[in-house]
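Peer 1: The hints should help you fit chain B onto chain A, whose structure is shown.
Going down the list, the sequences are from chains A and B.
Be aware that the first sequence starts at 1, since it is given in our numbering, and climbs by one per residue.
Be aware that the second sequence starts at 1, since it is given in our numbering, and climbs by one per residue.
Worth flagging that the hints you see were computed from the coordinates, not collected in a lab.
Note that this is a predicted model, so its numbers are computed, not measured.
Just to be clear, a hint being listed does not mean it is correct.
What the simulated footprint calls covered on chain B by chain A, stretch by stretch (three residues with Cβ under 8 Å from a Cβ of chain A suffice, anywhere in the stretch; the number is not a length) [what the hints assert, rightly or not]: (1) 12-22; (2) 48-54; (3) 211-221.
Chain B regions said to be covered by chain A (calculated; three or more residues, Cβ under 8 Å) [unchecked claim]: (4) 30-36; (5) 59-67; (6) 78-89.
Where a beta carbon is used, it is the ideal one built from N, C-alpha and C, also for glycine.
2 protein chains.
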Amino acid sequence: MTQINSAQAANALLLNQVIAAYSRTDNARWNVVIESLLRHLHGFVNEVELRPEEWWTAIDFLTRTGQACVGPRQEFILLSDALGLSSAVDNLNNASLAGATESAVTGPFYVPHSPHIENGGSIALAGEGETVLIRGRVLDTAGHPISAAELDIWHTSPNQLYAVQDKNQPEMNFRGKLRTRTDGSFAFHTIKPIAYPVPVDGPVGQLLNKGGRHPMRPAHIHFIVSAPGYQSVTTQLFTRGDEFIDSDAVFGVKDSLLIDYQRNTDRSLAVDWVLDHDFVLAGPSAG
Amino acid sequence: MTQINSAQAANALLLNQVIAAYSRTDNARWNVVIESLLRHLHGFVNEVELRPEEWWTAIDFLTRTGQACVGPRQEFILLSDALGLSSAVDNLNNASLAGATESAVTGPFYVPHSPHIENGGSIALAGEGETVLIRGRVLDTAGHPISAAELDIWHTSPNQLYAVQDKNQPEMNFRGKLRTRTDGSFAFHTIKPIAYPVPVDGPVGQLLNKGGRHPMRPAHIHFIVSAPGYQSVTTQLFTRGDEFIDSDAVFGVKDSLLIDYQRNTDRSLAVDWVLDHDFVLAGPSAG
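For reference, chain A alone in the conformation it holds in the complex (with noise of 0.2 Å):
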């Protein structure tokens, strides 16, 4: 007890001299930020008296993290998603609007410049599956529709592979924009998202399989929704009553942001599914 007792006073002077020579710039926002950040890695450190086998590991894990993103692969947006660090950051930052659309993580497989496609249109390219209609209006919080509001769409092909990540699918496979119309209104078809598996191949798929972890997300759809004079939103709608609604394995899923595909029973329509969804988006200095 009085090495370890030792070794944590020398730690708490250490990290005082840490902490004075990283934060006395002129950047005060540099200045919390470092300290906050080195108060906790040095708080870790200390309170499990990690050990150096374990600080080899975390070096290694962190390395092969960083070496995993190649091309269009981040690892560490996938890691900082697994550990709840993106949800906890998009909760910060978009904090919920009376009224509008909750938001939730971008995740790792966003990619700017996706197709527009004309209301009515699909964004299915290649795959086989359920067929549907997704359809509503972009409205403001006092339920004003909102004209030419940009949809930007990506999700899942039935493969469980995002196009970003799989050669042989079309590049724009499932991804697009629209716009809205003058009553705000909007309508897309595609096929029914399916839950899937984020990428087990790397480290981060060490670490779930370590803690015991499935690696699936439940069904869902990305969006991405603005328009001129008013605050977007980034956010995803949950297949409600998804075997993995609980236990997304990036902890993406809020309450308000689940949805109900109903079976299509109109004849006119050649869709299984139909999905009525509205979108709410806070005005830029609302909340």
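Peer 2: Same frame as chain A, but now just chain B:
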């Protein structure tokens, strides 16, 4: 404030959910370590209310740090060193053993396969500088000599680079292993080391710059001293009075590891300086 408080409340629930997901394995140590890590990472994010652009900066920084680990370069060890975390782990796991030589961080430039040299030989294969004879004994804590103890030695070249960083040096320049004689004594020749900067052309260099820190390490020599039946020690000997002795970029300096080179006055020795220094190893159950 309502928004922030609501976000903090949401994040408290989120953290509980994340901890529950990861810390219920059969591995008791894992459960303790991961819970502490999650509490501190989320604690940091919540305490500073981390902004999306800061999160992106962190993702990008960590990604580039992993990607900078090419060949023998290990930027994540350098990062751990530069944040004082390596010294904290060192302190926790090498608690000062009464009378034994104190430890110091290994650093990112150790490689295990240094060549064996004879006592009295030189580890300087190339490079111009002031010559030094380093000699002493390896002892146990009772002052008895330890024969056939191994010293694994490495330091920078006068051009401020380790051989492992520099294609223009012989691969084994300023690196060598030797064994103590029956009386515990050892001796070797080298060039007196000078202060040098840690690599500044990668993410850690940018971090130091952002924090207003210089990248210099005070002049030092690395040793791993080991002998069967004793606790080995990884340590460094630092030149007292060095300009950077109180601001080591990696927080490795300890008072007991400061040494004084003496101007050589013995005409029978063709060297500029002499360092007499003993190492003391603790027994396996000492402390």
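Peer 1: For each hint, tell me whether it holds in the structure or not.
Peer 2: Structure-based check of each hint:
no., hint, in the structure
1, 12-22, "holds (count 6)"
2, 48-54, "holds (count 6)"
3, 211-221, "holds (count 3)"
4, 30-36, "holds (count 5)"
5, 59-67, "holds (count 7)"
6, 78-89, "holds (count 8)"
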